[in-house]
Each structure stands twice: as C-alpha cells, then as structure tokens.
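Number of protein chains: 2
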Amino acid sequence: MHPADDTFAAALVEQLPADTLRRAEPRYLEEPRGKWRGLSQWVALPRTTQEVSTILKACNAARVGVVPYGGGTGLVAGQVSTDGAALILSLERMTAIMGVYPQENAAVVQAGAILADVQAAAAEADRLFPLSLASEGSARIGGLLSTNAGGVNTLRYGNARDQVLGLEAVLPDGQIWNGLKRLRKDNTGYDLRHLLMGAEGTLGVITTAALKLQPRPAVTGTALLTVASPQAALDLLSLARTQIGDGISAFELMHRMGFDFLRETLPDIRQPWESPPEWAVLIELGLGRDQSPQEALETLFAESFEAGLVSDGLIAQSAQQAQDFWNIREHIPEGNKRIGSISSQDISLPLSAIPEFIATAGPALAKLGDFRINCFGHVGDGNLHYNVFPAQGRSRTDYNVSDAVKTCVHDLTDSFGGSVSAEHGLGRLKVGDLERYGDPAKLAAMRAIKAALDPNGIMNPGAVLSS
Amino acid sequence: MHPADDTFAAALVEQLPADTLRRAEPRYLEEPRGKWRGLSQWVALPRTTQEVSTILKACNAARVGVVPYGGGTGLVAGQVSTDGAALILSLERMTAIMGVYPQENAAVVQAGAILADVQAAAAEADRLFPLSLASEGSARIGGLLSTNAGGVNTLRYGNARDQVLGLEAVLPDGQIWNGLKRLRKDNTGYDLRHLLMGAEGTLGVITTAALKLQPRPAVTGTALLTVASPQAALDLLSLARTQIGDGISAFELMHRMGFDFLRETLPDIRQPWESPPEWAVLIELGLGRDQSPQEALETLFAESFEAGLVSDGLIAQSAQQAQDFWNIREHIPEGNKRIGSISSQDISLPLSAIPEFIATAGPALAKLGDFRINCFGHVGDGNLHYNVFPAQGRSRTDYNVSDAVKTCVHDLTDSFGGSVSAEHGLGRLKVGDLERYGDPAKLAAMRAIKAALDPNGIMNPGAVLSS
Chain Y
1 MHPADDTFAA ALVEQLPADT LRRAEPRYLE EPRGKWRGLS QWVALPRTTQ
51 EVSTILKACN AARVGVVPYG GGTGLVAGQV STDGAALILS LERMTAIMGV
101 YPQENAAVVQ AGAILADVQA AAAEADRLFP LSLASEGSAR IGGLLSTNAG
151 GVNTLRYGNA RDQVLGLEAV LPDGQIWNGL KRLRKDNTGY DLRHLLMGAE
201 GTLGVITTAA LKLQPRPAVT GTALLTVASP QAALDLLSLA RTQIGDGISA
251 FELMHRMGFD FLRETLPDIR QPWESPPEWA VLIELGLGRD QSPQEALETL
301 FAESFEAGLV SDGLIAQSAQ QAQDFWNIRE HIPEGNKRIG SISSQDISLP
351 LSAIPEFIAT AGPALAKLGD FRINCFGHVG DGNLHYNVFP AQGRSRTDYN
401 VSDAVKTCVH DLTDSFGGSV SAEHGLGRLK VGDLERYGDP AKLAAMRAIK
451 AALDPNGIMN PGAVLSS
Chain X
1 MHPADDTFAA ALVEQLPADT LRRAEPRYLE EPRGKWRGLS QWVALPRTTQ
51 EVSTILKACN AARVGVVPYG GGTGLVAGQV STDGAALILS LERMTAIMGV
101 YPQENAAVVQ AGAILADVQA AAAEADRLFP LSLASEGSAR IGGLLSTNAG
151 GVNTLRYGNA RDQVLGLEAV LPDGQIWNGL KRLRKDNTGY DLRHLLMGAE
201 GTLGVITTAA LKLQPRPAVT GTALLTVASP QAALDLLSLA RTQIGDGISA
251 FELMHRMGFD FLRETLPDIR QPWESPPEWA VLIELGLGRD QSPQEALETL
301 FAESFEAGLV SDGLIAQSAQ QAQDFWNIRE HIPEGNKRIG SISSQDISLP
351 LSAIPEFIAT AGPALAKLGD FRINCFGHVG DGNLHYNVFP AQGRSRTDYN
401 VSDAVKTCVH DLTDSFGGSV SAEHGLGRLK VGDLERYGDP AKLAAMRAIK
451 AALDPNGIMN PGAVLSS
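If you're matching them up, the sequences are chains Y and X in order.
Residue 467, in the UniProt record's numbering, is where the first sequence stops; the numbers in between run on with no holes.
Residue 467, in the UniProt record's numbering, is where the second sequence stops; the numbers in between run on with no holes.
Any given hint could be a false lead.
Identical chains share a label here; the pair holds if one copy fits it or two copies do between them.
[To be verified] Taking lysine to any residue and the SDA-like style, the derived pairs with C-alpha atoms no more than 25 Å apart in a straight line are:
no., residue 1, residue 2
1, K337, P390
2, K406, N178
3, K367, R63
4, K367, I176
5, K57, A451
6, K57, A96
7, K57, R447
8, K35, A96
9, K57, A452
10, K337, D162
It is worth saying that the hints were derived from the structure and are not from the lab.
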C-alpha cells in the first residue's frame with residue numbers, strides 16, 4: 001500500500017475540480033474517544049458520485065488506501081488511518097435531500113446528509129425517519145449506514161440497515177453501482193445493500209441512499225418506571241408488548257449508578273426522585289391518532305404494579321416532563337465520561353440471558369478489583385452498555401486491569417451467545433475481537449469477499465479485517 | 001461440472017448413514033408451473049448439518065453440482081437441475097423447531113421446517129411468525145429464506161430476510177458457519193445472513209435459522225372496500241396509516257377481472273356483490289388488546305368515503321366473513337390458472353408510480369393484441385402480479401406473443417424504476433432478465449462474490465447467474 005502523499009495528491013488533483021483535495025486538518029485525524037490519531041495528509045471532498053468514482057479509480061490504480069469519512073462520530077476508530085497515510089474521503093459536500101416521497105414513505109438522500117436534517121425533512125412531510133442516536137446532529141447517513149448504527153428506536157424500527165430501500169455506491173475499482181430503487185420487494189440477485197452496510201467502508205463508498213420513512217406516531221407518551229430487577233424489566237416489556245402491540249418506540253434500562261454519577265457530575269440534570277432506584281426503565285410509546293398513550297401507560301403501570309414488576313413510576317404529564325426523563329437517559333454517557341471509566345463495552349445478549357449475565361458479570365469482575373459498574377442501555381433490543389469505573393474515591397490510574405476487565409466482559413458475553421460489538425461496529429478498535437470471537441467460517445468468507453471486491457485492499461485498510 | 005451419477009453416488013454413500021442417498025423420484029424433478037423438468041438422478045436427504053457439510057465437501061471435491069431443495073414450491077425453477085444432473089439436496093428431514101423463546105420474541109428452527117409448522121409453534125407461545133403466503137403448508141424455511149420470500153404481510157413486517165436474527169449455513173467448501181445468534185444488534189463484520197438470503201442456494205445451504213417472532217395482534221379486523229382507482233387505493237393506504245399507524249397487516253388490491261375469473265371458474269367462492277367493482281381493496285388490521293379494529297375500520301370507511309376514495313365497503317362482522325374475504329383474494333391465482341394466462345409477471349414498483357404504470361401498461365399491451373388483464377397484488381408494498389390473458393372466447397394457443405408481452409411489461413416496469421422480480425426471485429427462469437435489466441456493476445460484484453465463495457461453481461449451477 002502506498003501513502004496518499006504529495007506526489008499522489010499532485011497527480012489526483014489534475015483529474016478533479018478545483019479545491020476537491022485539501023491538506024487534512026486535525027479534525028480528520030481525531031476520533032471522539034481521543035485514543036487514536038490518524039496519519040493522513042490529504043482529504044478529498046468530492047461534490048458528486050462521479051468524483052468519488054474518479055478518486056477511487058486513481059487510488060486503486062496507485063494502490064493508495066482510502067478512508068471514507070462521514071460525521072467522524074464513530075467510537076471504534078473506523079474513520080482514522082493509523083497504520084498508513086490513507087486518503088480521507090469525506091462526503092461532507094454531498095448533503096442533498098434529493099427527494100421526499102410521503103405517499104411511498106420514502107426519501108432519497110446523499111451520503112453526506114446529517115441525520116438530524118434527514119429527520120427534519122421527513123417531519124416536514126409528516127413522516128418519521130426513525131433512526132435516532134446521541135450524535136444525530138453531526139453523524140452523516142453514509143457513515144450511519146456503513147456502520148449499521150443502532151440507537152434508541154431499534155426495538156421498534158430496527159437498525160440502520162433496516163431503514164434502507166436502495167443504495168448507490170462506488171465500488172473499490174471505481175465502478176458506480178446504481179441500486180437506488182425505492183422498492184419494498186426486489187429479489188433480483190445478491191443483496192449488495194446489506195453487504196455494504198456493516199462493512200464500515202471496507203468494500204466501497206455509499207454515495208446515496210433511498211430510505212424508508214414511517215408514519216409519524218400521532219401521539220406519544222413517556223414514563224419512567226422503577227423496576228425490581230432486570231428480569232422485571234423484561235417481564236414488563238413482555239406485558240407492554242401484549243398490551244400495546246407495536247407501539248413501543250423505546251425501552252431503556254438504567255441503573256442507580258448512572259443516576260449517582262449524574263448527581264455528582266451534572267447536578268443540573270433534573271432527577272425526579274430523592275433517592276434513586278436501583279433499576280429504572282424509560283418507556284416511550286408512539287401511537288395512532290385515535291389511541292391514548294396516557295391511558296395505555298396507566299393500564300400498564302397498574303398491571304405491572306399488581307404483578308410486582310414495578311414499584312413506583314411517573315407518567316410524563318407534559319412534553320417538558322417527557323424531555324426531562326429523556327434528558328436523564330441521554331446524559332448518562334456524559335456522566336460516565338466525567339467519572340472516567342476503566343473499560344466501556346457495547347455488547348448485546350439474547351434478551352432472556354440478560355438477567356443472568358448481569359448477575360454473573362459483577363461477581364466475576366469483583367475478582368479483578370473493586371469497581372463501580374454502570375450497566376444501562378437499549379434493553380428492549382438486548383443492547384447493554386457495560387461500563388466499569390474505579391471505586392469511590394479512587395482514580396482509574398490506580399488500576400492496571402483495563403484489558404483484563406474487557407476480556408472478562410467479552411468472554412462472558414460470548415459464553416451467553418452475545419455480541420462484543422452490538423451497535424458501534426469493529427472499526428480498528430475491535431479487529432482483534434473479531435479474530436478472537438468470530439466464527440472461523442465467517443471470517444474466511446469475509447476475507448474471500450474482501451479479496452474479490454477489493455483485490456488491492458485500498459478500502460479503509462486496517463478496519464474490520466487486519467490488513 | 002460432473003454429473004451426480006451412479007459412480008459419484010456410490011462413493012458418497014460410503015461417507016453417510018444408510019438411506020441418506022436415494023434415486024430422485026419425479027417430484028424432485030418437477031416445478032409448480034410445469035414448464036421445467038430436472039435431470040437429476042440422485043437426491044440426498046441429510047439428517048444433520050454435519051451430513052450437509054459432508055455432502056458439500058464431496059461435491060466440491062468432485063466438481064459435482066448441488067441443488068438445495070426446500071418445499072419445491074418456487075415459481076422460477078430454482079429447485080430443478082436442468083442443464084446438468086446435479087445432486088438434489090433436500091432439507092426435508094431437518095424439520096425440528098429447536099426452541100421457542102417467547103420473552104425474546106425468537107425461535108430457532110431447522111431449514112426443513114414447514115412454514116405453517118413454524119407459524120403454529122409461534123402461536124402456541126402466543127407469538128406471531130408473520131411470514132405468510134399461499135404455499136405456507138408446504139414451503140420450508142430454508143427455501144423461503146434463500147429466496148427471500150414475500151407474501152401478504154410484507155407491508156407491516158417486511159420480507160423473509162427481515163424475519164431473521166441468525167443463521168447456520170454450510171458454505172460451498174463444506175465449512176459450517178455458525179451464525180445462529182438470537183441478537184437484535186450485532187455489528188461484527190460483513191452480514192453473511194443477508195448475502196445468503198436471496199442468493200437462492202448459489203452461495204451455500206442454510207441449515208438452521210434463528211427467527212424473529214412478533215407480539216400476536218390481540219384483535220384483528222378485515223374489510224373489503226370498493227375504491228375508485230389504484231390512486232384512490234394508495235390514498236386510502238396513506239389515510240389508514242395516519243389513522244391507524246403500524247396496525248395495518250395487509251393491504252391488497254384486486255381488479256374486477258379477478259372476480260370475473262373466479263365467478264367463471266370457481267363459482268363456489270362466495271363473492272359479496274352482485275356486480276363486482278372495478279377495483280377493490282382488502283385491508284386487514286391487527287391491533288393491541290385495548291384497541292378496536294371495528295371502530296378503526298368504521299372511522300377509516302367514513303373518512304375515505306367522505307374524501308371520495310371509497311364508494312362502498314364491507315367490514316367483516318365475523319371470523320367467517322373475514323375468511324370469506326380472504327378466500328376471494330387467495331383464490332385469484334387459481335382462477336387465473338384455470339383461465340390460462342399468456343404471460344404472468346411478478347413485478348414491483350415505487351408506490352407512487354403504480355397508477356401511471358397501470359394506466360400505461362394496458363394501452364401498450366393493446367398494441368400487441370386483444371387481451372384481458374388481471375392486475376392485483378400486495379399493493380401496500382408495491383408488488384403487483386400483472387397477468388395477461390386471451391380475450392373472451394379465445395384461447396392462449398391463438399396467441400404467439402408471450403415473449404413480447406413479457407418484454408413489454410418488464411421494459412415498462414424497468415422504466416418506472418421497478419423490479420422484474422419482486423418476490424419470486426430469479427431462479428433459472430429470470431437469469432436473462434438479470435442480465436438485461438440488472439446494473440452492470442452489481443452483476444460484476446455478484447460474479448466476483450460467487451467466484452470467491454464457490455470457486456468450483458457447484459452451488460445451484462444455472463440459477464441466478466448463468467453458469
């Protein structure tokens with residue numbers, strides 16, 4: 001692999017409109033966790049799919065690596081070139097919302113469109129684009145699809161890959177695949193969409209997407225319920241599904257540790273209790289015009305209280321109160337950050353294994369040291385953020401067990417049939433985890449596909465598969 | 001490619017338990033439309049994934065083709081070996097429902113399980129497995145997933161591929177991929193599930209699947225509404241979605257021609273009108289415990305009548321009446337069969353293009369001859385079955401335009417951004433259509449993937465890609 005150095009840039013610049021290539025500013029070399037630093041010297045900022053094609057053709061011919069770049073919000077270092085000086089290919093100029101089709105529940109957007117802008121365009125047409133996550137103000141569609149992002153609405157609407165009808169992409173040799181169909185049923189050969197989604201830019205560059213929209217729930221309701229245990233949270237989810245059907249948009253589990261951290265580090269975040277509960281669930285409903293979420297939540301509370309699942313609870317009485325509840329949930333990661341974790345893991349488990357996993361993981365970790373654990377997340381879809389912190393009064397520099405903690409959590413996750421990367425992807429951070437926990441036949445197939453579609457290995461080298 | 005002849009069978013039989021290999025009975029050589037006839041001499045009937053692996057290893061070593069075989073219900077000849085004597089690999093002995101996990105909304109089943117049995121196992125656990133189609137009494141899970149089958153519930157729940165959490169499969173070289181995870185979020189590398197699904201057995205054999213289940217709608221409602229036009233049907237769907245949200249399970253468009261054919265060929269099928277309407281919609285709701293589908297349908301009828309979309313309608317007052325309505329819809333294909341079509345196409349279109357497509361296709365076809373057209377289908381997801389018949393009193397043998405009709409319908413579909421294979425797949429029937437209408441970059445990528453995963457081309461040779 002050759003570096004995207006000044007010589008290469010000088011040749012490429014001839015093939016592109018003015019100002020398409022720039023020296024890489026520091027922001028292209030950083031990632032949110034501050035643990036990796038990219039070595040790229042140049043960034044390409046194409047305005048059209050054709051320009052993306054020109055760039056990939058040149059890189060492929062010159063054996064120069066390319067790192068596709070969206071909003072730069074990824075948490076696993078998929079967006080930085082660390083073991084070479086690959087060209088950063090940023091989609092930030094391709095941000096058009098090309099069409100919204102309310103009657104079809106569809107929209108076509110370029111890969112550089114920011115998630116919040118896509119959500120807004122859908123809302124303007126009285127539709128919902130349901131993908132929703134903390135970084136939605138800066139994350140871009142291309143990156144979200146390439147990493148198959150998750151978020152809070154997966155329970156109801158699925159992951160990023162489930163929001164896609166069609167894609168346009170540039171393959172590693174520069175060929176443009178026009179698969180931009182707005183169809184719900186299309187059985188004409190291998191599904192390249194799903195192969196590119198989740199490949200984290202290692203098989204090509206998504207340039208445009210035809211997205212599914214959803215009917216916008218006419219009325220919403222939010223409640224914060226104190227549950228007896230993780231098992232009670234799952235029983236509550238079952239009960240809610242029987243009662244309310246598909247109308248549950250989010251179902252988040254939170255632990256007391258998260259509330260304590262918030263109180264300590266972000267005291268302005270309003271918390272509705274004197275003494276925080278051990279476990280709480282945030283539930284959000286989105287229902288049709290003629291339904292009452294308030295009534296549904298009241299019935300759910302009454303029945304779950306009766307069944308001993310829920311001991312206390314608040315049903316939001318205003319949009320402000322609903323926002324306050326969400327504010328707690330959304331600030332938990334910031335609280336964690338301010339406390340400073342020893343190890344943070346994004347895992348998923350079969351739903352029924354969650355209670356036993358949580359019961360087992362604490363004692364297993366206790367053998368490695370004295371920790372505080374904040375386990376929370378999108379429990380409705382089995383996704384836990386399992387974060388381990390120093391004991392009260394101690395600092396993480398007192399500990400030297402970060403790897404051991406990670407391995408302990410991952411081994412346990414794997415033994416319960418879970419995944420060591422639920423919604424964040426592999427990037428560069430978890431290449432070794434795939435080798436450790438991945439199925440050998442799958443790994444062999446992945447390598448064969450990578451070699452077939454990107455024989456020169458130019459696409460995001462070092463991400464997903466070791467190069 | 002070598003044939004699976006007696007010499008090969010004699011060698012393979014040594015590696016397998018008694019009675020795993022049999023001479024291919026006629027049923028393995030036929031397909032429902034009676035247009036293709038397989039040449040296979042031998043069928044393998046493995047009992048375990050390990051045996052499937054043994055068989056594929058032997059075939060791969062000997063360069064012998066393998067045709068994976070489910071329920072044999074496919075309509076595009078994907079299940080018959082016509083240009084060689086490939087080994088039929090039937091999953092009919094691997095039918096176990098291995099586990100049902102109601103709290104997870106998941107089930108694990110072997111590939112040979114019949115769809116109706118999976119539906120029943122889900123219902124027994126008070127859950128819904130939503131995939132539903134005419135052949136559900138004989139179609140098997142492995143075939144349904146490999147062909148990404150559609151059906152009547154796609155609008156609400158998606159296609160077959162959307163029902164899958166994890167897969168176990170045997171790859172062409174005999175390696176077993178264990179990807180049988182019951183996870184909603186798992187971002188650990190390329191999505192092999194979605195690559196195998198829709199590949200129609202050309203990249204490996206699905207042996208077991210972890211499936212999503214859904215909460216079972218507590219209450220259902222069915223209505224048969226007379227709509228003014230296809231456009232009115234789409235406007236009705238929009239209105240229904242705004243009003244009812246996600247609760248619409250099916251939304252089927254039917255044309256008068258279908259009712260006329262039924263009256264002529266199957267007069268025992270009860271029809272609720274004296275003179276059939278030009279266009280009608282069958283709508284089914286499935287709602288939560290505290291909702292009333294009856295009320296929702298009444299409101300929908302009142303509002304759509306007011307808006308001039310619907311001129312008449314019946315809301316089923318009993319399960320029997322709902323069944324009668326569905327009976328009409330489900331017998332339309334049989335009525336078509338008895339009349340005898342010149343050409344039957346399974347197409348899909350962007351929803352908003354449907355009215356113009358229908359308005360354009362009739363006059364375009366009229367230039368080729370005097371036809372009767374029955375256009376019906378899962379309009380909620382853009383899937384039309386577009387069937388062309390001889391004029392009243394004439395026979396299809398009077399016509400010699402079957403290919404011209406097909407090309408006319410397909411060209412028009414393609415020009416509207418549609419798909420020439422919506423839910424049936426490509427099989428052997430539509431290999432040429434993929435070459436004609438498929439994107440060249442996609443085709444090149446498909447060929448590269450096929451060569452990478454199945455370098456000897458043993459998997460379902462002649463299906464999907466020309467061999």
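- Up to 25 Å between alpha-carbons, please classify K367 paired with R63: within, between, both or neither. neither (48 Å within a copy, 54 Å between copies)
- At most 25 Å between C-alpha atoms: does K337 with P390 qualify within a copy, between copies, both, or neither? Answer is within; shortest intra-copy Cα gap is 12 Å, inter-copy 72 Å.
- Query: Taking 25 Å as the upper bound on the Cα-Cα distance, should K406 and N178 be classified as within, between, both, or neither?
  - Reply: between (41 Å within a copy, 24 Å between copies)
- Identical-chain pair category, K57 with A451, by Cα at 25 Å: both (17 Å within a copy, 23 Å between copies)
- Status of A452 relative to K57 across identical chains (alpha carbons, at most 25 Å): both (16 Å within a copy, 22 Å between copies)
- Task: With 25 Å as the alpha-carbon cut-off, assign the pair K367 and I176 to within, between, both or neither.
- Result: neither (54 Å within a copy, 36 Å between copies)
- Message: Treating 25 Å as the Cα threshold, decide for K337 and D162: within, between, both or neither.
- Response: neither (30 Å within a copy, 36 Å between copies)
- For the identical chains here, do K57 and A96 meet the 25 Å Cα criterion within one copy, between copies, both, or neither? Result: close within a single copy only, 24 Å intra versus 50 Å inter.
- Same-copy or cross-copy closeness of K57 to R447 [CA-CA at most 25 Å]: So K57 and R447 pass the 25 Å test inside a copy (22 Å) and across (20 Å) alike.
- From the Cα coordinates, with 25 Å as the cut-off, is the pair K35 and A96 best called within, between, both, or neither? For K35 and A96, neither the intra-copy (32 Å) nor the inter-copy (48 Å) Cα distance is at most 25 Å.
Against the hints set out earlier in the document, violations occur for numbers 3, 4, 8 and 10.
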